[in-house]
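Student: So you can see what is in the structure, the chains are spelled out below.
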Amino acid sequence: MVNNDIKNITDLKIGQEGVIKAFSSEYLTPKMLEMGILPGSKVKVVNKTLFNGPLYLNIQGQNIALRHSEAKKIILR
Amino acid sequence: MSKQEVTIGLLGNPNVGKSSIFNQLTGLRQKVGNYAGVTVDKKIGFFSISEDTKAKVIDFPGTYSLYPTSMDERVVLNTFTNPNSPNYPEVVLYVAEAGNLERHLLLLSQIRDLGVKVMLLVTMHDLGHKKGEVYHLNELEKSLEIPVYQVNGRTGEGLDAVKDGLSTMLSQASAPANHQHLYHPNQEVKAITEAIQTDLQVHNAYQALLLAHHYEQLPFLSAAEKERIATISKEHTFQSIKLQVDETMARYNEFTPLVQKAVSKPQEVPGSTTEKIDRILTHPILGPFIFFAILAFVFQAIFTWSEVPMTLIEEAFNGMGELVRSILPAEAWYTSLIADGIIAGLGGVLVFIPQIAILFFLISLLEEVGYMSRAVYLFDSIMQKFGMNGRSIVALISGGACAIPAVMATRTITNWKERLITIMVTPLISCSARIPVYAILIAFAVPSVTVAGFINLQALTFIGLYVLGAVSALIIAFLMKLVFKTQEQSLLMLELPDYKAPHWKNIFTNVYEKVLTFVTEAGQVIIVVSMVLWALASYGPGNSMEQAEQTAVAEAQAQQLDETATADLIAAKQIEVSYAGMIGHAIEPVIQPLGFDWKIGIALISSFAAREVFVGTMATIYSIGSAGEDEDTLRERMDKEVTAEGNKVFTPATSFSLLIFYVFAMQCMATLAVVKRETKSWKWPVIQMAYMGALAYVGSWITYLIMS
Chain A
0 MVNNDIKNIT DLKIGQEGVI KAFSSEYLTP KMLEMGILPG SKVKVVNKTL
50 FNGPLYLNIQ GQNIALRHSE AKKIILR
Chain B
0 MSKQEVTIGL LGNPNVGKSS IFNQLTGLRQ KVGNYAGVTV DKKIGFFSIS
50 EDTKAKVIDF PGTYSLYPTS MDERVVLNTF TNPNSPNYPE VVLYVAEAGN
100 LERHLLLLSQ IRDLGVKVML LVTMHDLGHK KGEVYHLNEL EKSLEIPVYQ
150 VNGRTGEGLD AVKDGLSTML SQASAPANHQ HLYHPNQEVK AITEAIQTDL
200 QVHNAYQALL LAHHYEQLPF LSAAEKERIA TISKEHTFQS IKLQVDETMA
250 RYNEFTPLVQ KAVSKPQEVP GSTTEKIDRI LTHPILGPFI FFAILAFVFQ
300 AIFTWSEVPM TLIEEAFNGM GELVRSILPA EAWYTSLIAD GIIAGLGGVL
350 VFIPQIAILF FLISLLEEVG YMSRAVYLFD SIMQKFGMNG RSIVALISGG
400 ACAIPAVMAT RTITNWKERL ITIMVTPLIS CSARIPVYAI LIAFAVPSVT
450 VAGFINLQAL TFIGLYVLGA VSALIIAFLM KLVFKTQEQS LLMLELPDYK
500 APHWKNIFTN VYEKVLTFVT EAGQVIIVVS MVLWALASYG PGNSMEQAEQ
550 TAVAEAQAQQ LDETATADLI AAKQIEVSYA GMIGHAIEPV IQPLGFDWKI
600 GIALISSFAA REVFVGTMAT IYSIGSAGED EDTLRERMDK EVTAEGNKVF
650 TPATSFSLLI FYVFAMQCMA TLAVVKRETK SWKWPVIQMA YMGALAYVGS
700 WITYLIMS
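Chains A and B, in that order, give the protein sequences.
Those letters in the first sequence? Residues 0 to 76, by numbering that gives the first Met the number 0.
Those letters in the second sequence? Residues 0 to 707, by numbering that gives the first Met the number 0.
So that you can see chain A by itself, here it is in the shape it has in the complex (with noise of 0.2 Å):
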């Protein structure tokens, strides 16, 4: 059966919020746990750009721009 309620960020529209659970990327994780971006922490998708560029979130406060790819790494709950 599939799994709806697992989603990462890229699955946020504009303007909505969820909170991390998780990182998908060994590689990633020390990286994203360093700028403050931890389990637990609130995201909010401030703006898109276009062709699946890069997303601008607003994760605890602080704005933060990740790839798509990078972005599609961070399992929310």
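Any given hint could turn out to be false.
Unchecked claim - Derived pair list, reagent style DSS-like, types lysine-lysine, alpha-carbon separation capped at 25 Å: (1) K72(A) - K416(B); (2) K416(B) - K71(A); (3) K275(B) - K43(A); (4) K499(B) - K43(A); (5) K47(A) - K384(B).
Honestly, the hints are just simulated from the structure, not real lab data.
With the hints as your guide, set chain B onto chain A.
Tutor: Okay, now just chain B, sitting in the frame of chain A:
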């Protein structure tokens, strides 16, 4: 009485306002790395702590942790894992922003665990207070066991207390070694660090752990030491990434409760002003348009704002030349050297200081208010199509000012392939040194007429040359993307700092620094080149110069020329037989297909040192034997220049061909030296010079064929 000097390190996350504090502490007592010479990757400044102690502050690059991803960040790791490094500071001033203390404390806790004496400077963001946050910094001081100060980088408020605190801290014998580390590794990790500590005689356990993580990249370790660490980590199956995640999480778990005690946050955080501005500025469709409008404004400003100061500088150099001629004896050889060689050459270039200053001013303004990172965000996906990174846009825009700082700005790009491509194409962006060349040649290439009612054709050509440079940069980048292969991951992960009002002192310092570099570096080259040129143009082999003069005088008498015309004729005949003339004639066959004569050849050769020398060279060649050193008279002289057949030398075809040559050719020793330094090999600057030279030659040749 000689002062005792102590080394202080300024450290913190990127965008934390470290440079404001650096400028507040040191004023203009700063040194920056010499581009062409030795590698100095850091900014150094000085200030007085007390009557007998002077502080040397090193402004380290901003980084999030001691696990670097870029070249810039690596500097911090290399210094702090090597207590023998000359840059190893006695005290670290750690700058953190009140709004995001948790994240800022990560690196602080790592530095603290290394046993370095550290002071925490908390900057109060203007917006932090508005969000209704309340800070109890003494709580933090107690729990972290390090002195905490509240400072304001904008006004310098609180920095006196920091200096007093520094005095006290320096008088203490050593760091409070007894304080608890914030990260307590498990037995498995302890076994590794203890093995490294005994084996390599490292005092600090956390330092040993960092060696285990990064030994392959650390330059100060010997091959034998690396071998030892490799063996130890293999014995214990050291898993670098997993341990890094464990460590980072453990640190957050340790200090997050401390921060929560020290900062009380309001329940609801309203949408910030920055977000509201960014709904428009980073709008998916509107955003790029606004970006190009800003660029257009920048170029407009460079030309309109600089008019008045440029005229003033021109007049000043005119006056100076005349003054020299009136004071020094007219027949003395050095009068001509000073007036025609040095003053003419220097004036031709220093006149561009206003344009360069305006360009650097506007670029640092964009950087300072926080717009630059938005441009990175907007253009990342396009840049990736051309094998680059969103961060490349910063280098390419800065390349419009000067390729040297632009090439250095690529250090923030983690991926080597993306960084290399950016470095290779950045010099194709027309830099400020091309401005003088373009300015003087466009007048010959196109008439000053207005088309479509309001567009000046010369201005349009100017923009066209910039676009040509930018488009070729993208094309070459795309070709390089196809050639280079890499497995390395590419990252964006970019912080978009809150917009803030510009801090003028930072901008002023930056512009001052850049202009000073231009004046001293370009000035030195130009003085030397001007003098050499003057000598080459004023002397010839044997008595050829006297013979040329006699022929010219005889010819003038036959044609019954007046005094000025005779002097001009003598000068023309003499320069042709001078050493410079001989060199020019020697390369003439090579450049003839491009429409260039031997005089332009001399200018081409001399501007291989730096492009802006072209105008100085033309001024020197044309002013020897004739008056006038400002640009207008040089333009008039060039306009009068005719070939043996009586045709004009600077026809539209030749001028256009020359313009195209300057768009493409790699004529800047300093940039080549910086590229060599940044890529650590002569291979890349050589390839760069070769491909740009080929583009220049072929481009000019085709242009000349079409135009004539």
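Student: It remains to establish, for every hint, whether it holds in the given structure.
Tutor: Outcome of the hint check:
1. K72(A) - K416(B): Given that 25 Å is the threshold and the Cα spacing comes to 23 Å, the pair holds.
2. K416(B) - K71(A): OK: K416(B) and K71(A) at ~23 Å, within 25 Å.
3. K275(B) - K43(A): holds (14 Å)
4. K499(B) - K43(A): holds (22 Å)
5. K47(A) - K384(B): Within the cut-off at roughly 18 Å; holds.
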